[in-house]
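**Q** Following the hints, put chain R in place on chain U, whose structure we already have.
There are 2 protein chains.
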Amino acid sequence: MSVSSLDQLCVNTIRTLSIDAVQKANSGHPGMPMGIADVAYVLWTRFLKHNPENPDWVNRDRFVLSAGHGSMLLYSLLHVSGYDLSIDEIKKFRQLGSKTPGHPENTVTPGVEMTTGPLGQGFATGVGMAMAETFLASSFNTPDYSVIDHFTYAIVSDGDLMEGISHEAASLAGHLKLGKLIYLYDSNRISIDGSTDLAFTEDVAKRFEAYGWHIQTIDGHNHDSIEAAITEAKDVHTQPSLIICKTHIGFGSPNKQDSASSHGSPLGEEEVILTKKQLRWEADELFHVPDEVVQQFRSWSDAGSEMEEKWKETMKDFEADHPELAVSFKNAIHHQLPVNFEELLPVFETDETGLASRKSSGLVLTELKEHLPNLIGGSADLTGSNNTELKDKGIFTPNNRTGQNVHYGVREHAMAAAANGMALHGGVIPYTGTFFIFTDYMRPAIRLGALMETPSIFVLTHDSIGLGEDGPTHQPVEHLASLRAMPNVTVIRPGDANEVAYAWKNALERTDGPTLLVLTRQNIPTLPRTTANAASLTERGAYVYRDTKQTEPEAILIASGSELHLAIEAQNELLEQGVNTRVVSMPSWELFQQQDKAYQESVLPSSVIKRVAVEAGSTFGWERWVGSEGKVIGMDTFGESGPYKQLYEHFGITRQAVIEAVLNL
Amino acid sequence: MSVSSLDQLCVNTIRTLSIDAVQKANSGHPGMPMGIADVAYVLWTRFLKHNPENPDWVNRDRFVLSAGHGSMLLYSLLHVSGYDLSIDEIKKFRQLGSKTPGHPENTVTPGVEMTTGPLGQGFATGVGMAMAETFLASSFNTPDYSVIDHFTYAIVSDGDLMEGISHEAASLAGHLKLGKLIYLYDSNRISIDGSTDLAFTEDVAKRFEAYGWHIQTIDGHNHDSIEAAITEAKDVHTQPSLIICKTHIGFGSPNKQDSASSHGSPLGEEEVILTKKQLRWEADELFHVPDEVVQQFRSWSDAGSEMEEKWKETMKDFEADHPELAVSFKNAIHHQLPVNFEELLPVFETDETGLASRKSSGLVLTELKEHLPNLIGGSADLTGSNNTELKDKGIFTPNNRTGQNVHYGVREHAMAAAANGMALHGGVIPYTGTFFIFTDYMRPAIRLGALMETPSIFVLTHDSIGLGEDGPTHQPVEHLASLRAMPNVTVIRPGDANEVAYAWKNALERTDGPTLLVLTRQNIPTLPRTTANAASLTERGAYVYRDTKQTEPEAILIASGSELHLAIEAQNELLEQGVNTRVVSMPSWELFQQQDKAYQESVLPSSVIKRVAVEAGSTFGWERWVGSEGKVIGMDTFGESGPYKQLYEHFGITRQAVIEAVLNL
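Protein chains in written order, with this note's numbering: chain U, 1 to 665; chain R, 1 to 665.
So here's chain U without its partners, still in its complex pose (with noise of 0.2 Å):
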């Protein structure tokens, strides 16, 4: 083995810091940082191209720890490598409040590029890291100048590789051909539940192959070869690479080296004594980081800084010579919109047939696409059926890099992941499309984007019983409400065409989390507007659409999507009937709550009790809006096939249920 002291001393500083953080939180996983540290530290100090001082900077490298539960070894190579997180936070390791949560957090944590934890993620989410750096290369580099020229990086595990949006992602980055996706994956052999054998057994050099990838197989404690190894991997540019690192689990450890003990718990303080020993390390020396160690990692720190301000030089060149496409790169990244946004959304008249609202959905991304020049969509193989296709955008592939309409195949999983990643990365804006129920297959990447607070967005087609003959694997009953109980996405079902407008608008201003369009297969109505329940109000979550009287109403019936015509001709007949009755649009809880509580009362009085909600899909959760005197029309059960009509009569979501319950209150 060739290490030379100095570089054995940093390795080992990562480990004890690892081993000492965890020990005094005791709580953690010391077994993988102290595994994996020697190639971490090779990847850190002589390839990852990063700014300390300047974590955002656009054009740096992007790593991942996909297996986030090694947070420590993530923190500990910020730390010394001068990132704004000092030993104090070290030392407060997964405790509240600190920067050094449990797991990586991007939100809380300077440096750290993604939250991780939960397996499969972060190789999923890389994948679209680097899809993003491929396009916008593409998109903005010339001839003579560079704008963006990076690696995207992960440290990948057992557990990453056993879950199934590893393969969905690997498939899609190998038939992407994305050369500049490099995987160190920590082969250790095992598992908390013990050994790989156990349960993981596959040839994942073959089966990387099989998906196209480049593969090495090295000794991960070999600083030579796995330098070796990232440099070819970098020479390798049709093809993401994956270096299989041979690695020993609690590196160090005379009792938990190779041993599932060491994985999930701390070594314990006479283990942690005797791998200091070990290590040739002081034993009372915690937290202790020498000096020549701060140098070595600094010293490649300060040559990250010097390739920005050499960057934002060329950058300075690049604007002088290519003025249009540097406003045009700078407004991506900044995520700035056009100034007249609102002012290009289409305008949709009046029409009592309508059409579906992934259709108006669809015409919107046509009216918007010649604005948005880096909007990058696609599909899990629904391309058609979820109107997605930005036409005229070429399709993403290794010969277009610039094409805009990605083929992900029936891949919903790493397709969310891809968008988070697209949003992490910054410059494009992503979007996906899949039906409302397969949300299902992607929810992981969701509740990450959430947690992460990225900007992605879901265009969700199908959304009820409203689709008919497909049945009830495909009719989502509980989507709505298991969705809008998930903290920080907006959930948005509108209810015409021009809801549908605004919905995007507000789904693509959005910048600190994803927002789900949960759009229609069948036609609906394009509703009536006067200024007094103009779409614009799509955004305030709820509005009163219409009230037959001037005075107080003495019901409401509140209604989302497709059931917004559905409450509007039970209000007619009830006007009929003599019942005053307001009707208002909710196609969003999560904008609704944001609103002020004057707001929210003007929309729904505390002096109207009677109320009647009504939307094709559960009715849990409705309850906070009707109260205990109201009533919600929907279904607690699972669909069925057939015509959409005779479901919609079916299940007694109709005109007549809504009239029924209004007189009934």
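Read the hints as simulated data drawn from the structure, not as lab findings.
Hints should not be assumed to be uniformly reliable.
Same chains, same names: a pair is fine if it fits in one copy or spans any two.
Claimed, not checked - In silico DSS-like links for lysine-lysine, alpha-carbon gap of 27 Å or less:
1. Lys-645 with Lys-177
2. Lys-24 with Lys-645
3. Lys-92 with Lys-645
4. Lys-330 with Lys-391
**A** Positioned in the frame of chain U, the structure of chain R alone reads:
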């Protein structure tokens, strides 16, 4: 191509039935049945051991149509084979109330083994069926009797193989060397968006070789090749088999064969005529089934019927020679629990310190394992944390098929689907384990289990911020709400060790859907009990744990799981302050909702509107129980990393908060 004219007639009957049904419904997927008809025909008339007169024969081969959108293939096969599926039902394809819904549903149509449609599910569920088969075969077969001995076949599609769950399941099946699993891959190179080249260019054969599967590639229209391949696959005993069948989607359609246009839409009347002409079929003969075709299929069905008769004879001898084993077998097959089942449950002594409900769950399993020899469970690499191990019951491996502990690896999604498959197969009681947060990873399989009414049991530990330091990536918030919203799922979050015992009882006795046991990482007290608040009341979903006075309470506290004891402590203090409160333990909304109104009213009297619910999770939906006047103490943001007691304080889920909420009402 060596296809006799009778064979051709049979295959074209399947094709034309599918074409006609889709055309009549004006909805559906004709291309896949047309393309794979040859393969299906050979399988169904030369190999599949089944008896259409008894679709429930336990020793039948299992056939899964993983690509459920090709439902007309299956309906055609069932009809011509003589299952209880008339031509009139075929004519009602995709109509409300028919036995021929858009995607196959096991609860609707005799002979449909499982509900399919969401891609990848059939692939992974079949793995569970094969696991159950080999477990039962090894448990009950003797040198002289073969009680269980059958194959599990599936037809899988490009879409199935793109889904991540196919990776998890295939890797697991290869690891487990499931030799009696034979999958026929309909490789037609067409997906909804167009050529699979758009998104799916991996080397499938190599990928599956990497998993340890046996691979063959054949012309999927050559009957001899199909027969030879299945014969060879049956002879491979230590590897699952993938037979890659090269087919033409929409086979026979002059203008739509090999095109995405035949995938998901009717051919159109004109093309139907042209196709029938090409298939040498009378264009005006709709839903035509020639007599000789019926004879051909029925002669195979008769053979199946004879096989079952013979098996029944064998079983009589088996009963005579191995009476105890035979009783055990019957109990297993009929989901017969021990007669004194309730008495077998452990009783936990009152204990203020108590123990984590994941631990009491483990103790319940330890108690029950000696009485339930067909319990087969495992965890997604969290065995120790989930307390799911059946000690001394062995690990399920290729060399130990009677092991009751399955190491699923970090493959939550395939695990859940495999459990569905085992439950569908029958004869075993499957349970699985992971962290509650990772229900997100297996949500499509949980939902499908609910739809299929499969009684699998999910042990879901680390159920809230109570898990502490692992932080927001691991802390469920919205998960209780999101799963309570799902139809036909029973969610039980027991409040102490004795509630855990009855939660297990309820789960084990359920036969018509999945049960989710939601358990703590942290200790919770074991509560004192009398006859009035016996733990058996857990099965009613909610019950009065304690009143402080004989009179009607002024306020009601409702709590589940780890917050039950917190409510009780608040109740004590409120009594000191002269407030008469009731504590209701509510481990399961679903079970409570199944009670009659009188019982519900006795627990939550309408007259008491001052209600406070407390649960360490999203407040979403709790308005149902506390009403408009009530208050919910919970959280609607993501969690944080830190010691759990600090987190409870931080998020305001405290005894004091409960007390104040009551006093404020």
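**Q** Regarding Lys-330 and Lys-391, is the shortest C-alpha distance of 27 Å or less found within a copy, between copies, in both, or in neither?
**A** Within one copy only: 25 Å inside, 61 Å across.
**Q** Go through the copies and call it for Lys-645 and Lys-177: within, between, both or neither, with a Cα cutoff of 27 Å.
**A** neither (46 Å within a copy, 48 Å between copies)
**Q** When no copy is named, should Lys-92 and Lys-645 be tagged within, between, both, or neither for a Cα gap of at most 27 Å?
**A** Intra 59 Å, inter 16 Å, cutoff 27 Å: inter-copy only.
**Q** Please sort Lys-24 with Lys-645 into within, between, both or neither, judging by C-alpha distance up to 27 Å.
**A** between (63 Å within a copy, 18 Å between copies)
The structure fails to meet hint 1 from the earlier list, while all remaining hints are met.
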